[in-house]
Amino acid sequence: MKNFTTDELNQLNPFLAYKLLSGSVIPRPIAWVTTQSVDGVVNAAPFSFFNVVSSQPPLVSISMLGQKDSVNNLLETGEAVIHFISPDNVEAMNRTAASLPSQMSEIETFGIPTEPSQTVSVPSIIDAPIRFEAKLFKHIPIETNGYVVSNLMLLEITNFAFSDTVFDAEKFYVKPDAFQPIARLAGNTYAELGDLFDLERPQ
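Going by the numbering used here, the sequence shown opens with residue 113, and the numbers climb by one from there.
Be aware that a few hints might be false.
As the list claims (entries may be wrong) - Computed list of lysine-lysine pairs in PhoX-like fashion (alpha-carbon distance at most 20 Å, straight line):
(1) Lys250 / Lys180
(2) Lys180 / Lys247
(3) Lys114 / Lys131
Simulated from the structure, these hints should not be mistaken for lab results.
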């Protein structure tokens, strides 16, 4: 067993802790987030430090490293749409990971079709099997040595949208085999859904 203390990693290179975390906590779901600036520029960016926090109220968390456009837009307008990734939209998602000037819209630059959302002013990406419209519930800046290195965003879901392909309305559940979610691993590596199996919970 190889051990590393956080102090040892920081002395070598602070980025090493990121490599160990992102390479160990896998697979991770991807939140493809659209936000909108006060000037109306629509931003789209993927984040894989993403998970469920609560169902009542329905909250998810997204950790956004650095001071990205998504962070600024969320703090200014308080609205976002989270889109889930499948084989049909993974290439478009990856294009929006490029660094563009803040006045340039990834949606317009890469020709990604959108439509109006139901409960927020931020548009939704059409080619997404699942969408969560959301409003900012809480912002927790994570500081190191006086600098904000990450922004933990707690978002409250205001509308759930599912394509007919992935949602079983009669049983009221998402069909994972139809959804085929794409997950982030480390670096440039992604994964598709593998074999499914059930385990009964002990009483």
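* Hints not upheld, ascending by number -> When the structure is compared with the hints, none of them turns out to be violated.
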